[in-house]
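J.: Take these sequences, add in the hints, and give me the full structure.
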Amino acid sequence: LDLGADDVLSLPFDSHELLARVRSQLQNKYIADEFRERLRLAEENRNATQQVVTAVNEERRTLRFGGLATVAVLIVAGLVSFFFYRRTQEQNTRVYAAITRLQTGVLTEQRLMERSRRALEDAERGQSRASDPQKLQLQKKSEDLRSQIAISKPENASALQNQLTAVESRLQKLETEGKVAQTIIQSYEPSVCLIHVVLAFREHTTGLRLHYVGMTSSGEPTTDEHSNPLLSLTGNGPEVHLDVFGTGFLTSAGGQIFTNHHVAEPWWQNDELKEMLDQGLEPVIAEMAAYFPGVPHGIAINTEKISSAADVAVVKGNISELGIKQIALADGRHGVVSGGPIVLLGYPTALDAILARAGAEMLQSIATASKGDPKQVMEELARRKLIRPITTQGHIGDVLPDKIVYDAQTTSGGSGGPLFNNEGKVIGINFAMVREFGGSNFAIPVGYGKSLLKP
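Here the sequence shown stands for residues 242 to 696, where the numbers follow this note's numbering.
No farther apart than 27 angstroms at their CA atoms in a straight line, the calculated lysine-lysine pairs in the DSSO-like style are these:
(1) K691 / K644
(2) K695 / K566
(3) K381 / K420
(4) K420 / K626
(5) K626 / K666
(6) K420 / K666
(7) K666 / K557
(8) K695 / K666
(9) K557 / K695
(10) K626 / K566
(11) K695 / K644
(12) K666 / K546
(13) K616 / K557
It is worth saying that the hints were derived from the structure and are not from the lab.
T.: Right, here's the structure in full:
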């Protein structure tokens, strides 16, 4: 406080309290600024009025109407200026508050571990619901039918045998699908990357980027009395960043990677960021990197092409000498049939699930080394070669001209993942943005992506 801070907050602090404090401090600042502005306008009006009175005394009859009109114009101008000033301040408050809600900030080690454990539990429950119960149920039914056949009368044995044949056929189909999934994992898991996009925020007229007002001696953003970080276009602290994650997969030896438009440009059709776009602040990509399994570092990528017809984009990076194999793409609609089996690779829940699979001791080490910074967490995971996608299986529910409906589980972070048919070729690009595992999900036919690869 002696150094000029408006408030002091002890660590650790709650993010909701932090946001409330930022909001309160901004409100107090705006009230004070508004009062000063009104005083300035009042002083200008008083001076203008005095000038009018002087003019009236000199030429009372000829200038009476003109003087009154001048006063009226000045008053109206003052009110209009005050209205726009107040509206601008209210817009800035909403914009900064929206960014603060989206910006998760630095995670503590404990929060990092708790989030990761929850994500792993959700993923395991989703995978269990997807296939294991069905297989176990069929195996039990097969055993029951065999027992019934052994003790049944000859006239009933034929019907029971037909049922057993049908059950065994379904079991064989599940086992075949499982083998196909294993082949896909072995062949293409190293070609599916986790994409990390870092957004900054820029004022579109001045080009100034949004910063934290300052940092404490412990490296935390300075906050108001409600523990909300202080943000400003002229702040001395680091830039305000928003971290976005998605999935991509290699489609050419030249380093071209398929993903979604909303991954390459996270503000596209994003209602949470729309208010910033409408009111003066625009998001810009500060950094974008792809992390492939087995590669001990991130690969810088940039957006090469974006489809105007679907949620598909091509990003590109330098993969020379890394030995990453490009994924085979299906031709047209071949292998896309309702009811057909599919395999989905991706990074649902992004960092959380990867960290959960690392184990408690490893997670503790990563959290300590990275101090919760998402970029440093990614680098630690890559260096330790812990990055690898999650595999889920399911079936095609419906095939539409612009989308494939399927039931393999996914969630946010899995956007941009490859959807394989039973021939091991990509038929679609996952784009469903669902919050939890389960339900019907959607993929864009791979043809939309292939059109972007043409010169």
